[in-house]
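**Q** Take a look at the letters that make up each chain.
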Amino acid sequence: MSKLQSLKKAVETIADQSTLALGGNVLHRAPMAFVRELARQEKSGLKLVKTAGAHDIDLLCAAGSVATVDAGFVSYETVYGLPPHYRKAVQTGMVKANEHACYTVISALRGASANVPFMPVSGLKYGDLIEHNDYFVVVEDPFTGEPVTLVRSIFPDVAVIHVQQCDEEGNAIIAGPKFEDVLMSRAADRVIITTEQIVSPFQIKQNKDKIDIPAFLVDAVVHVPGGAAPTSCYQKYDVDEQPLRKFLGLKEKQEVAEFIKNYERKDYQQERGTRVW
Amino acid sequence: MVNYRISDLMTCAIADMLEDGETVFHGVSSQMPMVAMHLARKLHAPNLVHLNIPGGVNPGTVKQSSYSSAGADLVEAGESYFPLDQIFDLSMRGKLDVAFLGGVQFDVNGNVNASVIGDYHKPKVRLPGGAGSAVLIPTAKKAIIWRTKHDPRTFVEKVNFVTTRGNLWKIITPLCVFVFKNGKLQLDSIHPHTTLEEVQAQTGFKLIYDEIRYTKEPTARQLQTLRQIDPYDYRSTEF
Numbered sequence: 010m011s012k013l014q015s016l017k018k019a020v021e022t023i024a025d026q027s028t029l030a031l032g033g034n035v036l037h038r039a040p041m042a043f044v045r046e047l048a049r050q051e052k053s054g055l056k057l058v059k060t061a062g063a064h065d066i067d068l069l070c071a072a073g074s075v076a077t078v079d080a081g082f083v084s085y086e087t088v089y090g091l092p093p094h095y096r097k098a099v100q101t102g103m104v105k106a107n108e109h110a111c112y113t114v115i116s117a118l119r120g121a122s123a124n125v126p127f128m129p130v131s132g133l134k135y136g137d138l139i140e141h142n143d144y145f146v147v148v149e150d151p152f153t154g155e156p157v158t159l160v161r162s163i164f165p166d167v168a169v170i171h172v173q174q175c176d177e178e179g180n181a182i183i184a185g186p187k188f189e190d191v192l193m194s195r196a197a198d199r200v201i202i203t204t205e206q207i208v209s210p211f212q213i214k215q216n217k218d219k220i221d222i223p224a225f226l227v228d229a230v231v232h233v234p235g236g237a238a239p240t241s242c243y244q245k246y247d248v249d250e251q252p253l254r255k256f257l258g259l260k261e262k263q264e265v266a267e268f269i270k271n272y273e274r275k276d277y278q279q280e281r282g283t284r285v286w
Numbered sequence: 002m003v004n005y006r007i008s009d010l011m012t013c014a015i016a017d018m019l020e021d022g023e024t025v026f027h028g029v030s031s032q033m034p035m036v037a038m039h040l041a042r043k044l045h046a047p048n049l050v051h052l053n054i055p056g057g058v059n060p061g062t063v064k065q066s067s068y069s070s071a072g073a074d075l076v077e078a079g080e081s082y083f084p085l086d087q088i089f090d091l092s093m094r095g096k097l098d099v100a101f102l103g104g105v106q107f108d109v110n111g112n113v114n115a116s117v118i119g120d121y122h123k124p125k126v127r128l129p130g131g132a133g134s135a136v137l138i139p140t141a142k143k144a145i146i147w148r149t150k151h152d153p154r155t156f157v158e159k160v161n162f163v164t165t166r167g168n169l170w171k172i173i174t175p176l177c178v179f180v181f182k183n184g185k186l187q188l189d190s191i192h193p194h195t196t197l198e199e200v201q202a203q204t205g206f207k208l209i210y211d212e213i214r215y216t217k218e219p220t221a222r223q224l225q226t227l228r229q230i231d232p233y234d235y236r237s238t239e240f
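The listed protein sequences derive, respectively, from chains A and B.
Here the first sequence stands for residues 10 to 286, numbered as in our numbering.
Here the second sequence stands for residues 2 to 240, numbered as in our numbering.
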């Protein structure tokens with residue numbers, strides 16, 4: 010059964026206040042076309058989950074779509090510097106930053122994938138993160154009596170993952186680093202794949218040992234070549250420096266809207282049935 | 002007299018902290034430790050295991066990591082795949098020897114702040130976050146922090162927020178190396194180009210030391226190897 014959907018339709022299924030796990034890591038393979046469409050459709054109150062985010066989280070904060078961010082690290086890497094829109098949103102109280110230790114995001118998603126309410130985390134023993142965040146709690150290990158820190162499981166409503174190859178049914182192959190994407194696909198209630206390339210069932214069958222996300226877990230497949238840009242997509246394209254730098258300097262809401270609009274031709278190219286070069 | 006820059010000195014000093022056979026991890030925005038690990042592998046520590054976020058074990062080159070130390074190039078150049086979640090698990094099991102971590106504020110008691118300036122829930126400045134620090138500093142055998150800024154706002158009497166604390170091993174800056182001993186951040190060595198007075202003037206707490214030692218200068222061999230393995234000077238990205 011084909012699960013191919015247009016970008017617009019797939020994003021229409023995302024309710025306001027949803028918890029979204031975003032694939033990729035910092036400047037790599039973030040599902041940017043999907044993220045831009047979330048902003049175009051003016052989604053609000055989104056709860057974002059990721060170990061380390063950058064442009065994806067920053068753009069949704071700029072668009073005013075975000076309520077909370079659960080992440081261990083939010084920043085572009087050294088050469089691009091800090092995420093101005095995320096910082097502003099947190100500092101003005103628009104967005105609540107739920108700081109994790111990267112590993113605790115992983116633990117919280119592992120909890121969801123196994124459908125348990127929390128996960129014990131070894132290693133998280135000291136500091137103000139435990140005291141200031143209600144998703145961490147130190148309890149007594151019932152077996153040994155020793156203290157153990159628990160992190161509340163995070164159950165994403167949807168995992169949005171950009172991949173290099175996927176068939177129409179949703180068998181998805183990630184080339185290069187997979188980051189937390191495979192775990193996210195197991196932790197989320199629904200999985201939406203955006204893909205550089207739609208490959209034939211025959212081709213997928215030839216590579217079945219490389220499938221990272223099997224079709225039965227996937228709810229929708231969206232064909233968006235360039236869907237991670239301006240972040241990188243291994244074997245397809247590298248970071249697109251010019252728009253990233255431009256985005257970092259934007260101040261007004263209107264400028265952000267224009268920046269997002271400028272991607273429409275690329276983001277919608279498959280929906281019109283024509284390719285843009 | 003060998004000619005070198007502060008970034009060269011810091012990179013070589015970091016490499017000298019690493020021993021052969023150790024498993025060592027660096028995260029994002031970590032070009033300097035990444036190059037230092039590669040340098041150590043090329044010279045005195047050929048069996049050091051280089052781990053990173055994308056999961057490329059022992060990348061044969063770091064020349065492609067221009068804007069990112071978490072990119073696919075490290076997997077492509079790597080000899081096997083061992084991604085972040087498994088690296089964390091490794092550290093929890095007590096099998097990660099060294100972790101490189103960042104931070105923005107440090108105090109004399111070894112507290113690290115990478116989270117906020119001001120109130121946690123309504124911060125004056127929201128920092129990027131501690132990434133893996135809060136679980137890696139307590140579990141890695143040695144935690145090394147590098148910071149390319151050394152001023153009284155970075156090294157303070159008391160941090161604004163404790164992202165994590167304890168079990169630090171060393172902090173290296175453009176002026177000196179601190180070592181965490183007996184619950185206090187103590188001066189380990191000062192770099193040859195500076196003076197105790199300058200380090201004290203740029204540090205917001207009273208320096209603790211028993212004697213003044215100088216950081217070893219980079220050797221000609223280290224500098225030559227650096228030019229080969231890091232021709233585009235990623236080690237200086239933060240300067």
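Quick caveat, the hints were computed from the structure, so don't treat them as lab data.
There's no promise every hint is true.
To give a feel for the contact side, a few chain B residues facing chain A, derived at Cβ under 10 angstroms [stated by the list, open to error]:
#, residue
1, 72
2, 77
3, 93
4, 115
5, 159
6, 202
7, 205
8, 206
9, 209
10, 210
11, 214
Bear in mind the structure is a predicted one, so any value in this text is a computation, not a measurement.
For each residue, glycine too, the CB sits at the ideal point set by N, CA and C.
**Q** Determine for every hint whether it applies to the structure shown.
**A** Consistency of the hints with the structure:
1. Against a cut-off of 10 angstroms between C-beta atoms, the interface hint on residue 72 of chain B holds, since the closest Cβ of chain A lies about 6 angstroms away.
2. Checking residue 77 of chain B against chain A: minimum C-beta separation of about 7 angstroms stays under 10 angstroms; hint holds.
3. Against a cut-off of 10 angstroms between C-beta atoms, the interface hint on residue 93 of chain B holds, since the closest Cβ of chain A lies about 4 angstroms away.
4. Restraint check, residue 115 of chain B versus chain A: the minimum CB separation of about 9 angstroms is within 10 angstroms; hint holds.
5. Hint on residue 159 of chain B is violated. Least Cβ distance to chain A is approximately 12 angstroms, over the 10 angstroms limit.
6. Interface restraint check for residue 202 of chain B: the shortest CB-CB distance to chain A comes to about 27 angstroms, outside 10 angstroms, so the restraint is violated.
7. Given hint, residue 205 of chain B at the interface with chain A, is violated; its Cβ is 19 angstroms from that chain's nearest Cβ, farther than 10 angstroms.
8. Interface hint status for residue 206 of chain B: violated, as the beta-carbon distance to the closest one in chain A is roughly 19 angstroms, over 10 angstroms.
9. Using the Cβ-Cβ criterion of 10 angstroms, the hint placing residue 209 of chain B at the interface with chain A is not satisfied: the shortest such distance is roughly 21 angstroms.
10. Because the smallest distance between the Cβ of residue 210 of chain B and any Cβ of chain A comes to about 26 angstroms, over 10 angstroms, the interface hint for this residue is violated.
11. Taken as an interface hint, residue 214 of chain B does not check out: its beta carbon lies about 30 angstroms from the nearest beta carbon of chain A, beyond 10 angstroms.
The structure is inconsistent with the numbered hints 5, 6, 7, 8, 9, 10 and 11, although it conforms to all the rest.
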